[in-house]
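Quick one: dock chain against chain with the hints and give me the complex.
So the chains spell out like this:
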Amino acid sequence: MVDLVMMNILKSGSNQWIFQRLSNACIVAYSACLICLLCTVDLSSFSAVSNLFHSTWFKVITSLCVIFFAFNSVLAGWQIAGDYVKQKTLNKLFNMICMTASAVSVVIILATLWG
Amino acid sequence: MKKERPMNLAINTIALPATAYASILHRVSGVIVWVAMIVAIVISYFALKSETNFNEVSSVLESYFIAKFVVWGFLTVLGYYCAGTVKHIIQDFGYCEELKSGKMISLVAIAVGILLSLLAIWWIWL
Chain F
0 MVDLVMMNIL KSGSNQWIFQ RLSNACIVAY SACLICLLCT VDLSSFSAVS NLFHSTWFKV
60 ITSLCVIFFA FNSVLAGWQI AGDYVKQKTL NKLFNMICMT ASAVSVVIIL ATLWG
Chain V
0 MKKERPMNLA INTIALPATA YASILHRVSG VIVWVAMIVA IVISYFALKS ETNFNEVSSV
60 LESYFIAKFV VWGFLTVLGY YCAGTVKHII QDFGYCEELK SGKMISLVAI AVGILLSLLA
120 IWWIWL
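Residue numbers (numbering that gives the first Met the number 0), protein chains in the order written: chain F, 0 to 114; chain V, 0 to 125.
Chain V with its partners taken away, still in its complex shape (with noise of 0.2 Å):
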């Protein structure tokens, strides 16, 4: 076999399938969480110390509009993960894992994650 073999590795000019967005989806989602989640346990350490620190928090919380937004953010991650998560246990089992009911399957992970987004800003500002 030829050693020099023709490769097309500029990924920003192939049209991916949903399945791929929904897959790197879940990876980004998933690192994002896990950074998300240590900062909030350093959080939850210091504003359980004491009622002035809890108290401290919930005020920044409360009053600032990049707070809420970070945690909107981090509730957005956190669903799509979760919907990509069922997505991918659903696919373990043998289920949706033909082309169409693959992207079928993807495009509903990603509508869900959408849906726990829109969740997350009623639940935060409204």
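Chain F with its partners taken away, still in its complex shape (with noise of 0.2 Å):
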């Protein structure tokens, strides 16, 4: 089921576009969650911010996020190379680097949230 929405994502610009557009709104969102509790919960003692890792709606959400952050890095990287880097071999290298380091990011947040 997820590899045919991913094929549809991937095979079709409409959808790579309205992708793009949710995973954005979504790291606004995001990020305006993260800097809301940075101001109101004390979070300065290794014991609030581990609570807050520990609990499970901040889990759900940032994995569920951080996902989705990744496959839209992987987007913009490929938009990016598409108008900078004009060379093949580079262009695949560039991809590659943006699919790899998004791919780990995912993997220390999950590690770090679920590990």
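Hint data in this document are derived by calculation from the structure and do not stem from the laboratory.
One or more hints might be untrue.
What the hints assert, rightly or not - A few chain F residues facing chain V, derived, Cβ under 7 Å:
id : residue
1  : Asn23
2  : Thr39
3  : Ala100
4  : Ile107
Given the structure is predicted, the values throughout are model-derived calculations rather than measurements.
Beta carbons are placed, not taken as given, at the ideal position from N, Cα and C, and that holds for glycine.
Dropping the structure here:
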């Protein structure tokens, strides 16, 4: 099911555009949520931050958002590579770096939250 | 049609409108946010491993001006990126797409970015 959704997005420019808008809106919403947290909750101690990272709502929302962000980064990286990195090999290398870095950040965040 | 047509690709000689600056700033801020997020994720992973690590990271952030400056820089680009995203979404719904209104919303996005940057200064240093 996820594969079909992803292939749909990969093959369709308009689906990519919609996905990018949705994930950008998600980034804005999540950033606003984090800023609100930083301003309202005292996160200056290890226990406070640990408690936040162990709370279910934070873990679920962050996990979903970071997966969204990773796909958004790959898509944005592909657009940037297409605009500025014209040489075929460098273009592929740039995209590989974007995909790898995005995948690694997802793994690290999920390990931090759920590990 | 002639194959060789006159071109002016010397972008530094062209007086770009505010819309162009708003657009390229959004892309640049997006790239910086992406790189900074990866660094922040790695630092978070390290900081949450133990209380000692957390205190070490806290101490670096509290003690060094450069660390605070980097955090401020990150908050500034994140702020502008968010302002630029909201601008994009408003325009995608068909608003502020004309010449005058497009310029206006670009200037508003840049102004909001500057405001958020000033708020970040206040939050970090004051």
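Status of the hints after comparison with the structure:
1. Here the hint on Asn23(F) is kept, as its CB sits about 5 Å from the closest CB of chain V, short of 7 Å.
2. Taking 7 Å as the C-beta cut-off, the interface hint given for Thr39(F) is violated, the closest approach to chain V being about 13 Å.
3. Interface restraint check: Ala100(F) against chain V, minimum CB-CB distance 6 Å, threshold 7 Å, status holds.
4. With a cut of 7 Å, the hint placing Ile107(F) at the interface with chain V holds, because the nearest CB-to-CB distance is about 5 Å.
Checked against the numbered hints above, the structure violates only hint 2.
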